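Peer 1: So the chains spell out like this:
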Amino acid sequence: MTLEKTAPVAVPPRRRRVGPIVALSVLLGATIASVMIGSNHVDPPDIWRALTAYDGSATDRIIVDLRIPRTAAVIVVGIGVGLAGALIQALTRNPLGDPGILGVNAGASLFVTVGVAFGAATPLDYLPLAFLGALVVIAAVGIIGSAGRGGPDPVRLTLSGAALSAVFLGITTGLTLLDPVTFAHLRSWTAGSVVERGWDVVLPVIPFVAIGVAIALAASRSLTMLGLGDDLARSLGTRPVLVRILSIAAITLLAGSATAVAGPIGFLGLAVPHVARWLVGPDQKRIFVLTMVLAPAFLLLSDIVARVVLWPAEVPVGVVTAFLGAPVLIVLVRRARASTL
Amino acid sequence: MTDTAVAHFVLRAGGLSTRVQRRSLTVGVVLAAVTAALAVTALGLGDLRLTPAEVVTALLDPSGGIEGTVVVDWRLPRVLGAVVFGAALGVSGAVFQSLTRNPLASPDVIGLTSGSYAGGLIAIILFGAGAGSLPVAAGSIAGGLGAAALVYALAYRRGIQGFRLIVVGIAVSAVFAALSTYLLLRTRVEIAMTASIWGTGSLTSVGWAQLGPAVAVIVASSLVLALLARPMRQLELGDDSARALGTSVERSRLSLVAFAVALTAAVTAVAGPIAFVSLAAPQIARRLTRSAGVPLATSAVVGAAGLLGSDLVAQHVLPTPLPVGVVTVVVGGIYLVGLLIHEARRLP
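Chains as they are written, first to last, in the working numbering: chain A, 1 to 341; chain B, 342 to 689.
Honestly, the hints are just simulated from the structure, not real lab data.
As the structure is a prediction and not an experimental result, all values here were calculated from the model.
Fair warning: there could be bad hints in the mix.
To be verified - Computed far set for chain A versus chain B, every beta-carbon distance over 10 Å:
id	residue
1	GLY38
2	TYR54
3	ALA191
4	VAL213
Stated by the list, open to error - Here chain A is said to cover these stretches of chain B; the calculated rule only asks that three of the stretch's residues, wherever they fall, bring their Cβ under 8 Å from a Cβ of chain A:
id	segment
5	504-516
6	597-609
Where is the CB? At the ideal position from N, CA and C, for every residue including glycine.
Let the sequences and hints guide you as you build the complete structure.
Peer 2: So, in structure tokens, the structure goes:
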């Protein structure tokens, strides 16, 4: 089956101009709100004082040592997951692409969990494991999804991703139940959470996310051309194999980094690139840039919901993104042509 | 084709009759023997190890000392639960795969199991009831039926297409899973602890008290489904052919869905969501019997042997006892991946 491609209608110029401005304002507003809202109420003047004249009081520590690094973590994770989703959608020409749905995040979690069983303890130890797990799953899903004749098929990719996710999460659960003490601190992580992520977690992954972003932007022009089909892209000077290898490397870095920080977060990378495409049209570079604004904004808002909905307790942000993002999958699959699906 | 004449038997009882393939009968008998052997093994394993002969003696004379107590009061409900629940999951999966004519559309893949789980969870939180109690059973059934209705409504667009149904089911499943996590987090810790063990699919808490009502629901639903087997076969030919053969299509389909959901929900109410048994059992059964459709009875026996075997592995083979759901999700998930590759090769 094939899913209906996004119709090549020109995006109205006004939407194209206003869209990015609105997106940036949402990101800015969400960032400020993420610093202001939490289980402890802090008055705006106190927040300002914490930022300008830090003296180690309880409120200062809440703002500077907890909320700001957490906000930074959410932004980094948002960029990682969102851009990985956009890349997967561009690479496989598959509107249902998402690192969560395709099991990439679950694979990264499994490798980290296995690593913890053998003594990995810090996010720096998690990183290479998460990269390896992400890469293994991308390869496996790719092989299974394109096993038949006629190349990768969106629905088969989705199904193999769901199956692999289930297997990996099952093994992860089994491991954590086998040795509850070792895995106590992994419990909230496996649900997809950004609670208590400090600078020690965020800073080490920033270079990897930055490399992933750079590769994605460099490959964006070629990916736009690949959207026209391999033959046409080749005649325009693109090297499809090289572009695919680079894209897979970028997806691995982005999804792996995000998972190392926050655990598996689903459905974020699915919805955001579609909104970006609706706002700026089919050019991949614009989609990627806008996704890097919209995905952190959406994840920040989800994280605020996660903090507020059970106040003063919290739910893992992965629960919120699944609840809000899964309906998008339903809308997308319903939009596909009935004759082919 | 020299043995066509003896390839099947006809069983008659009063006004009812059914045709039994020789191969299905052989497969069924062999699997039943395997299940019995697994059951005797499971009854003998544990802190108090018993030989098969001792197990049989204890079963025949439960009053005879500590062995009788251990085997009949402690271990038998769990083993019986594995057999009955495995059979129920197998039949439920067979019905859904037959109705959708799609080997992937089993209740656990399309979100009905997670719907049942969320429903049961709500009942636990609202009524403070334990797994296997009546409110939880009602909640599980309501949740399963609700999920079925939701998936059907959301997947319906000028008819139901198999793959759209499955992807919608995966999404609905994710929403129910998120809802369940949220519910677990907002309840008291003691309730959350019991509920989360139940949530991975475990036979640990199965005692005689929990087993009774679930077995009653499962036996009743299975009997109804056995009577509906003929319309189910006719529906496999397509709605028009079925109608021409005198089946009331909509009513048959609705009853089949309702009773298949009841089977899954009854299992979920006691043991939690046990993944992938209802996916794998019917397909294994179909391959073993080499039948064209999905065989109900063989699916039941395969499910029973599969769940009992998985529980043996979960309890005794691994270094620490695990919930059986962890074993089935790994084995069944790998099977699902294999199935996807196979389907991909077959389809153009």
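Peer 1: Does A:GLY38 sit more than 10 Å from chain B, CB to CB?
Peer 2: holds (17 Å)
Peer 1: Over 10 Å from every CB of chain B: does A:VAL213 meet that, or does the non-interface label fail?
Peer 2: holds (28 Å)
Peer 1: Would A:ALA191 pass as off the interface with chain B, using Cβ distances and a cut of 10 Å?
Peer 2: violated (7 Å)
Peer 1: Test coverage of the segment 597-609 of chain B by chain A using CB-CB distances below 8 Å; three residues minimum.
Peer 2: violated (count 0)
Peer 1: Checking C-beta pairs, does the segment 504-516 of chain B have three or more residues closer than 8 Å to chain A?
Peer 2: With 10 residues close enough to chain A, the hint holds.
Peer 1: Regarding the assertion that A:TYR54 does not contact chain B, is the least Cβ-Cβ distance greater than 10 Å?
Peer 2: holds (33 Å)
Against the hints set out earlier in the document, violations occur for numbers 3, 6.
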